[in-house]
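From first to last, the protein sequence lines stand for chains G and C. Heads up, the first sequence is in this note's numbering, so the first residue is 1 and it goes up one at a time. Heads up, the second sequence is in this note's numbering, so the first residue is 1 and it goes up one at a time.
Source of the hints: derived by calculation from the structure; they are not laboratory data. Heads up, some of the hints might be wrong.
[Claimed, not checked] The calculated lysine to aspartate or glutamate pairs, modelled on DMTMM-like cross-linking and capped at a C-alpha distance of 20 angstroms, are:
no. : chain 1 : residue 1 : chain 2 : residue 2
1   : G       : Lys75     : G       : Glu43
2   : G       : Lys75     : C       : Glu81
3   : G       : Lys110    : C       : Glu121
4   : G       : Lys110    : C       : Asp86
5   : C       : Lys3      : C       : Asp66
6   : G       : Lys110    : C       : Glu81
7   : G       : Lys110    : C       : Asp66
8   : G       : Lys110    : G       : Asp47
9   : C       : Lys3      : C       : Glu121
10  : G       : Lys110    : G       : Asp26
11  : G       : Lys110    : G       : Glu82
12  : C       : Lys3      : C       : Asp25
13  : G       : Lys75     : G       : Asp46
14  : G       : Lys75     : G       : Asp47
[Unchecked claim] With the C-beta cut set under 10 angstroms, the calculated list includes, among others, these residues of chain G facing chain C:
no. : residue
15  : Glu16
16  : Ala22
17  : Gly33
18  : Pro113
Even glycine gets a Cβ: it sits at the ideal position worked out from N, Cα and C.
So the chains spell out like this:
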Amino acid sequence: MNTRRHISTNSPFEAEYGYCRAVVQDPFVFVSGTTGYDYATMEIPDDVAQQTYNIWETISATLTQADSDLAEIVKTTIYLTESAHAQTVLHVCAQILEGVRPASTVVIVKAFPRPEMKVVIEATAMWRVRTIPN
Amino acid sequence: MWKFRGQEGLLDEWMHGHSRALIQDPFIFVTNTTGFDYARMAIPEGVVDQTRNAWMIVSGVLAQADSSLSEIVQCRYYVTEREDCDPVLRFSREMLNGVCPAVTILVLPALPHPSAKVAIEVTAMWGGRVGSFSGLSTLL
Chain G
1 MNTRRHISTN SPFEAEYGYC RAVVQDPFVF VSGTTGYDYA TMEIPDDVAQ
51 QTYNIWETIS ATLTQADSDL AEIVKTTIYL TESAHAQTVL HVCAQILEGV
101 RPASTVVIVK AFPRPEMKVV IEATAMWRVR TIPN
Chain C
1 MWKFRGQEGL LDEWMHGHSR ALIQDPFIFV TNTTGFDYAR MAIPEGVVDQ
51 TRNAWMIVSG VLAQADSSLS EIVQCRYYVT EREDCDPVLR FSREMLNGVC
101 PAVTILVLPA LPHPSAKVAI EVTAMWGGRV GSFSGLSTLL
């Protein structure tokens, strides 16, 4: 399968800036850096743990649309603006990705595009359909 | 696995021991690229001008490596000021003209070159076939 697929959410950022939530390109699914908005309502909670849960909801739904799954994740990069948030965020990630154990990098950055964003997660997963024999 | 030395970046790459891009079929990984104009050894002041230069370099490298902007699947943009996110993303959208990659943008305290305000890291599909690479003379 060589066809590239693009997965979108309702995020106005995607429409405005011409990118998508994920690109499926055999054998990988590349997921954009994802923030803690509920993309259905475009609301973002103040709480960093809740932002992290929202991010995983979005990534999980995106991977499902891409015929992949959280269990297929091979790499995550977690970006934070405060090292004080690391433990909280990593705890949520460990809960969500229990048993998946991807290669993971945590980076503290200066800022994100909007001040309300406290955590951004980027993921690469395997495209699951490829592993199913015809 | 092939390494590719983009001609614009010879000095920088020799000094720092990396390649401008690396091909691992079916992907090409392009090194993080700033707006430094290697021909003139200068970097423009404005972030949009820097973004344009960076895209010109990336575009040239992809073309030399049997790929193109339309084969890009993932971009990471690194800027040094939050207010630069918008112009960098807007200009990049024009450059990419419907390509629609997976994108992450981050604001960092600084980039290694003190005048650099933006750096772009790209992963694309490599359109070539092993054994028929048109840029053999520039392979490491």
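Hints and how they fare:
1. G/Lys75 - G/Glu43: violated, 27 angstroms
2. G/Lys75 - C/Glu81: With Cα atoms ~27 angstroms apart, G/Lys75 and C/Glu81 exceed 20 angstroms; violated.
3. G/Lys110 - C/Glu121: The hint holds at about 18 angstroms.
4. G/Lys110 - C/Asp86: The hint holds at about 16 angstroms.
5. C/Lys3 - C/Asp66: holds, 13 angstroms
6. G/Lys110 - C/Glu81: holds, 9 angstroms
7. G/Lys110 - C/Asp66: Violated. G/Lys110 to C/Asp66 sits at ~36 angstroms, over the 20 angstroms cutoff.
8. G/Lys110 - G/Asp47: holds, 19 angstroms
9. C/Lys3 - C/Glu121: Holds - the C-alpha atoms of C/Glu121 and C/Lys3 are around 16 angstroms apart, at most 20 angstroms.
10. G/Lys110 - G/Asp26: violated, 33 angstroms
11. G/Lys110 - G/Glu82: Status holds; Cα separation ~9 angstroms.
12. C/Lys3 - C/Asp25: holds, 11 angstroms
13. G/Lys75 - G/Asp46: This hinted pair is violated, its Cα atoms lying about 26 angstroms apart.
14. G/Lys75 - G/Asp47: violated, 25 angstroms
15. Glu16: Holds: closest Cβ of chain C sits about 8 angstroms from G/Glu16, inside 10 angstroms.
16. Ala22: holds, 6 angstroms
17. Gly33: Given a least distance of 3 angstroms, the restraint on G/Gly33 holds.
18. Pro113: holds, 4 angstroms
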